[in-house]
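Colleague: The chain contents come next:
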Amino acid sequence: MGSFLETLLGGLMVGMLYSLIALGFVLIYKASGVFNFAQGAMVLFAALAMARFAEWIPRLTGLNNKLIDNSIAFAGAVLVMIVLAWLIQKLVLARLVNQDGITLLMATLGITYVLEGSGQALFGNDIYKIDIGMPKEPVFILEKTFEGGLLINKEDLYAAVIAAVLVALLALFFQKTATGRALRAVADDHQAAQSIGIPLNRIWVIVWSVAGVVALVAGVIWGSKLGVQFSLSLVALKALPVVILGGLTSIPGAIIGGLVIGVGEKLSEIYIGPHLGGGIEIWFAYVLALAFLLVRPQGLFGEKIIDRV
Amino acid sequence: MLYRENGQFKTTYRADQQIFPILQDRIAIALLLVVAFVVVPLVADAYTLRAILIPFLILSLAALGLNILVGYCGQISLGTGAFMAVGAYAAYNFMVRFDGMPLLAAMLLGGLMSTIVGVLFGIPSLRIKGLYLAVATLAAQFFADWAFLRVPFFTNNSSSGSVSVPSLSVFGMEIESPAHKYLFCLAIVCVFALLAKNLVRGHLGREWMAIRDMDVAAEVIGIRPVYAKLTAFAVSSFIVGVAGVLWGFVYLGSWEPAAFSIDRSFQLLFMVIIGGLGSIMGSFFGAAFIVLLPLFLNRVPTLLGIPISVSAASHLEFMIFGSLIVFFLIVEPHGLARLWSTGKEKLRLWPFPH
Amino acid sequence: MAERRTGDVILDVKNLSLRFGGVKALTDISFDVREHEIRAIIGPNGAGKSSMLNCINGVYQPQQGSIQLRGRTFTHMNPRRVAEMGVARTFQNLALFKGMSVLENIMTGRNLKMRTNILQQAIRWGAAGREETAHRKVVEGIIDFLEIQAYRRTPVGKLPYGLQKRVDLGRALAMEPQMLLLDEPMAGMNVEEKQDMSRFILDVNDEFGTTIVLIEHDMGVVMDLSDRVVVLDYGRKIGDGSPADVRANPDVINAYLGTVH
Amino acid sequence: MPGALPASRPTTVQTTFPRLLLEHAAARPNAPALREKEFGIWQTLTWRDLAELVEALAGGLADAGLQRGEHLVVVGENRPRLYAAMLAAQALGAVPVPLYQDAAGAEFVFPLVNAEVAFAIVEDQEQVDKLLEIRGQCAKLARIWFDDARGLRHYHEPGLASLDALIAAGRAYAAAHPGFFAAEVAKASPDDVAAMFFTSGTTGTPKGVVHSHDTLIDRARAGARFDKLTERDEVLAYLPPAWIGQNIFSYAQWLACGYVVNCPESASTVMLDLREIGPTYYFAPPRIFEGLLTTVTIRMEDAARPKRWLFDRCMALARRVGPARMDGKPLALLDRIAYAIGNLLVYAPLRNTLGFSRVRVAYTAGEAIGPDLFVFYRSIGINLKQLYGSTETAVFVCLQPDHEARNDTVGVPIEGVEIQVSNSGEVLVRSPGLLKGYYKDPAATAEVLGADGWYRTGDAGFLDASGHLRIIDRAKDVGRIVGGANDGALFAPKYIENKLKFFPYVKEAVAFGDGRDKVCAFVNIDIEAVGNWAEKRNLPYGSYTDLAQKPAVLELVRECVEKVNADLAADERLAGCQISRFLVLHKELDADDGELTRTRKVRRRFIAERYQVLVGALYGGRSEQHVETEVRFEDGRTGKIAATLRIVDVKTYPPVGRAA
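Chains as they are written, first to last, in our numbering: chain A, 1 to 309; chain B, 310 to 663; chain C, 664 to 924; chain D, 925 to 1584.
These are computed hints drawn from the structure, not numbers from a lab. By construction, the Cβ of each residue, glycine as well, lies at the ideal position given by its N, Cα and C atoms. It is possible that part of the hints are untrue.
Said to hold, decoys possible - Chain D stretches covered by chain B per the calculated footprint, using a threshold of three residues with CB under 8 angstroms from any CB of chain B:
(1) 965-979
(2) 1225-1231
(3) 1273-1286
(4) 1497-1506
What the hints assert, rightly or not - Listed below are the simulated SDA-like cross-link pairs for lysine to any residue, each with C-alpha atoms no more than 25 angstroms apart in a straight line:
(5) B:K655 <-> D:P1254
(6) A:K90 <-> B:F636
(7) B:K655 <-> D:K1231
(8) D:K1054 <-> C:F808
(9) A:K30 <-> C:F683
(10) C:K800 <-> D:M1195
(11) C:K821 <-> B:M523
(12) B:K319 <-> D:S1190
(13) B:K653 <-> D:T1219
(14) B:K319 <-> D:R1156
(15) C:K761 <-> B:Q326
(16) B:K653 <-> D:A1228
(17) C:K857 <-> C:D869
(18) B:K506 <-> C:M777
(19) B:K319 <-> C:H798
I would like the entire structure built from these sequences, with the hints used as guidance.
Modeller: The following block contains the structure:
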């Protein structure tokens, strides 16, 4: 029982990270119809930037206050991601308007490679730690409920909180700010949005920036848990089944989907894995999503597509 | 400029529909074949054959297979590596489990297996559009990675997890020397290229392209998307599977699942994009390009006296590939093959610009 | 001088209704088409004309009503079956296969009639080659009929709009249809292109006795072409009869006020 | 040059077209006779197929009642079955009468009535409609057959049927009357009438020019021998078959030599088909070559700079060494190398894109061809030559031998041709190819065909020192200088005017001198060309009138005129009509003012009267003259142009003959 709950919680933690990455996908897809394969690479890129900045700043400035260093580094990383978003929009997407989905997808594949290559070229290709001073020591809860209680990492709790806050902020951003509303309008209908004078290009830069920041946060959390390294961009591929499950255009879908996959993955690994020779994590998410596709192509929360002739 | 087409008129449809209707092209291709089959084996050294030409040929074949799916039928696939793996492991199992199994037979059976798996993972494509399909094929990729790593049956319970094949022979001829291997691959590639060309210029090929270009219109003229897409998956993964067999048996000799990882899938997709979507010849261009670029990156800087580390080179490679993909998608979606054919058109119209 | 021999009903649409979510595209439409006639469906833009065609050849599934085609009744069609029953169509906003030449585009129209299997095609020598040639002959006949010999090898994308429309028609003709559905064949054409197209439509109807269902939002063109006209407006049928009757019909005149060109 | 000796006896031939057909069918049954691009490929008709087809058609026509000596009208593009129809008619001893397919219905009335035509075989709906529309005026016209049934399904006119029907009937007839075909063909004798061609002529009603098998075949063979044509040659037939030129090249010589005639797929594909076929033997009037050259220049306009530079360099070289090379003259080694490179880079590809790679012999005829045009084609290695002839002479009178093509002659008299220049300067021809006469028009016949067998061409000209015929003008326009230094010298206005017009700067020219003591001329400058020329020299100008009187411009024109004079001086017959004075008109000659015909020919007399003042000034020796002219603008308003025109004296040269 206890171990079950622990696995469950562990799953939720991982799932939450998936959700964060998936969130990036959904934002971009909603706004620009681009299936951004590069989201994973963006996570890696952002995390690398953050990690290295945090490392360089003390050397440059000489002041050794973790908080300041980290915040400067974070700010720097945010800046980097915004510039990146702008570059991507300017150099790639602006030149591929009205292309069909597959072309755009392949373009983002190209971007993936550029990011991975340049990211490592700029920031190095070792394993880097991000230390934002999250407490590492585990805590036991529910000791009364059953003996031994549950072991969880404070760190994970913090991470969960951060993620939650981020999601909340995004929600606010979309509901309250003018830009947010503009974004929603664009997501609903490009032509219409354009006709009422919403500058698509700027909107798209914003969206990519936001997605970049989300990627950064995801990267930071992940990095502080397991360190920043190339494999991060592959882990991010896990977010694909998540969006499929949740529906390409649904933010709640992304979150729920992420949690479902995270949990499903862990549980299956524990309870089914052994019978199949273990390591089924790497495909379980996909097969789950795939199976789901056949039943409900538009995903949990996605809206049905009617193509008119 | 080199073309002299006056008097090359066609009096039969057969003549009009041949692959190379222009005499000068037929001559050129004939020369190319002579060089490939006769001259190269005589002059090329072992390294060139082993490290450049053989991988080039095999990857061309795989790219060709992928091109049928992506370029001709418009169905994206990120799982090509998996289908290569299926081919390779299937063939391996046939070889080791049935003794006396001839290489060619094993190869075709490997292709067949890959076909079955391909169609299996293609089925979602009937319900879902491109983006989702990408995920479906990715699933295939990861599933294969896992299966060949974790399921001992596939590796015939080899302890190390890596498999290696016995010496190869076709019709009693040993295929040992690089030259032999090269010729073997070359022969197979030529045959499949021809068959593929025939398919894409036949009505099946037109069905694929119709689905790719305008699926509703295609349905209205009686083309069944199910059939068109599944045949594309089948043919594609068969060829890819065979390529997988060659990759494992001829090029590697012994291999681990990593040999067919997702990177391979991407690499092949890039070949298709850079070489030219929807062009048989493009597959060869793409393969050549992607095989040669790393060599180029490793040599040139040192030659220029600015040696760069291996890792730097690989990062550079990543960036160059990435930007090239974007570049081609933006500037010339039909890749090198289109550049080639425009060049050819210019030659035909010379001295006129158009 | 061409006296047309219209036969008995081959297409009978009964009480057809079609909705997209809440939007009513078609409401309780009924009309019939006789063999060999030229039947026009007209109406202002957004009257549901195209939706009507899409129901007939099974691209859309109507929620209510039935379609009787050559004696068989269907509550919903599927494109393949409709095609097999000898119904072809052209599209309002060109739906040509951009990646192919004129010849190949029209060849696709022969697909239903192609029999050789995948292996034969891969080898091509023999059966597949012969089949290809046989159908090429038919297609060349159509190319000649539509007077586009000069563009045989041109990628359709490179052709001027008017010619693309012709190729679209050619692709439909390649199916040797008994019935041809034309979705605004003259949309966006200049005067002489329209005249050419009208000539081709009449010739098709003459030479091959093809029944033609023709959609237009521009009344002028249709009236002198067609035998009978259905008028749709906001998904409802507001008129049906000979061009003369329809012209006289007050509702039609209303619907068209302001949209008559 | 056998033809050069005047007194070789005409050789009459001993065969007819149908017999030639049967000979080919017997000797080379499976060799291609006709190709037509249809349904995307070149559908081939072998000589055997053709003979079979002709027999069927003949049967059908016989069955329909076509009698020996009757006429069968044939209207349409070059189509194999129409050619077969002509052969079928000839096989029955009837006379095919090809008419221009682009003529209006009304223009058919005269020929049909005049030749009492009962039967017509036409290409398609268009022609059928034309015939039906005039049927009322042609009582005799009983039967019409059409080749292409498109759109005719619902025509129910009496006597209208498809060619297929005719062929079917013919097969039945042949079956019922075995051997009739051979018998009919045997009946025909060489001097039976073989065909009739209607020429609009320069004046009045069309006349039917009657030719026999003998005349046509004799000339066809003479021409073939002259250029060594073989059965391996290829011809593309795309000009109206009713034009004797096309008819000789793609019918008479086709049967005489047995080479292959190719019919294009449609009017819009001729250039593509030309490229595919790559004819070895080619014939076209100058306007076609001109059109081609224009497209070349236009297409080269949008070429990239380096390519244009290369092209221009190569063409410059070609102009320098090309003609000499074509004339078989030895070249300097460097030139030969340079030309070889140019050939690799430009000439050969250019020939290929134009469809001339395989051309062995190309002819142009009809009008004078500009030197630039002529030189262009020869310089890029196309053996373009001129020939002289007319419907009445079955075309072949004079041809230019290879290596002797010049743009101011029309070649040497070929075998069987005698040439004589009447003392009025008119060229007379005697040859086995002369017409039998004009149909039902003995008067007109007598006018041109003397009892002595000489045919009056109506052209003024002479054989020059090298034995080449030089046509200088229409005979009726040629006059004489009276008084002055060159009293009695020949005056050939059109010849002079053409020479002037060959300069890009000269748009129109009018020469005077008949019955006067010297030649003077009006000139119209070409506003485009001279305009550019002026801009290059940043020479400001306002109107045409203004530009026309710029001293610099007058100087420019004077140079042109002097070049012409130098030319004229080169042969003593024309040395007398060098231009001694000219002026540049203050307005452009205009059809709206009646100064030009609608076909832009100058109306010399009218102009002479209209500008009496100026003519007077020219001959009165004045140095300038004020003139005021009423002009009609496009919108119909009329206005006045007034100007004072400077009159320029030009240097004339002594005839080279005497100078030497």
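Colleague: Now look at each hint and say whether the structure bears it out.
Modeller: Right, here's what the structure says about each hint:
1. 965-979: holds (count 4)
2. 1225-1231: Coverage by chain B holds for the segment 1225-1231 of chain D (4 residues, Cβ < 8 angstroms).
3. 1273-1286: Holds, because 9 residues of the segment 1273-1286 of chain D bring their Cβ atoms closer than 8 angstroms to Cβ atoms of chain B.
4. 1497-1506: violated (count 0)
5. B:K655 <-> D:P1254: violated, 35 angstroms
6. A:K90 <-> B:F636: Holds, at about 13 angstroms.
7. B:K655 <-> D:K1231: holds, 12 angstroms
8. D:K1054 <-> C:F808: OK: K1054 (chain D) and F808 (chain C) at ~22 angstroms, within 25 angstroms.
9. A:K30 <-> C:F683: holds, 22 angstroms
10. C:K800 <-> D:M1195: Holds: K800 (chain C) and M1195 (chain D) sit about 23 angstroms apart, inside 25 angstroms.
11. C:K821 <-> B:M523: holds, 17 angstroms
12. B:K319 <-> D:S1190: Judged against 25 angstroms, a Cα distance of about 17 angstroms means the pair holds.
13. B:K653 <-> D:T1219: The given pair, whose Cα atoms are some 22 angstroms apart, holds under the 25 angstroms limit.
14. B:K319 <-> D:R1156: holds, 17 angstroms
15. C:K761 <-> B:Q326: holds, 20 angstroms
16. B:K653 <-> D:A1228: Holds, at roughly 17 angstroms.
17. C:K857 <-> C:D869: Status holds; Cα separation ~18 angstroms.
18. B:K506 <-> C:M777: holds, 18 angstroms
19. B:K319 <-> C:H798: Holds, at roughly 18 angstroms.
Consistency note: the structure conflicts with the earlier hints numbered 4 and 5.
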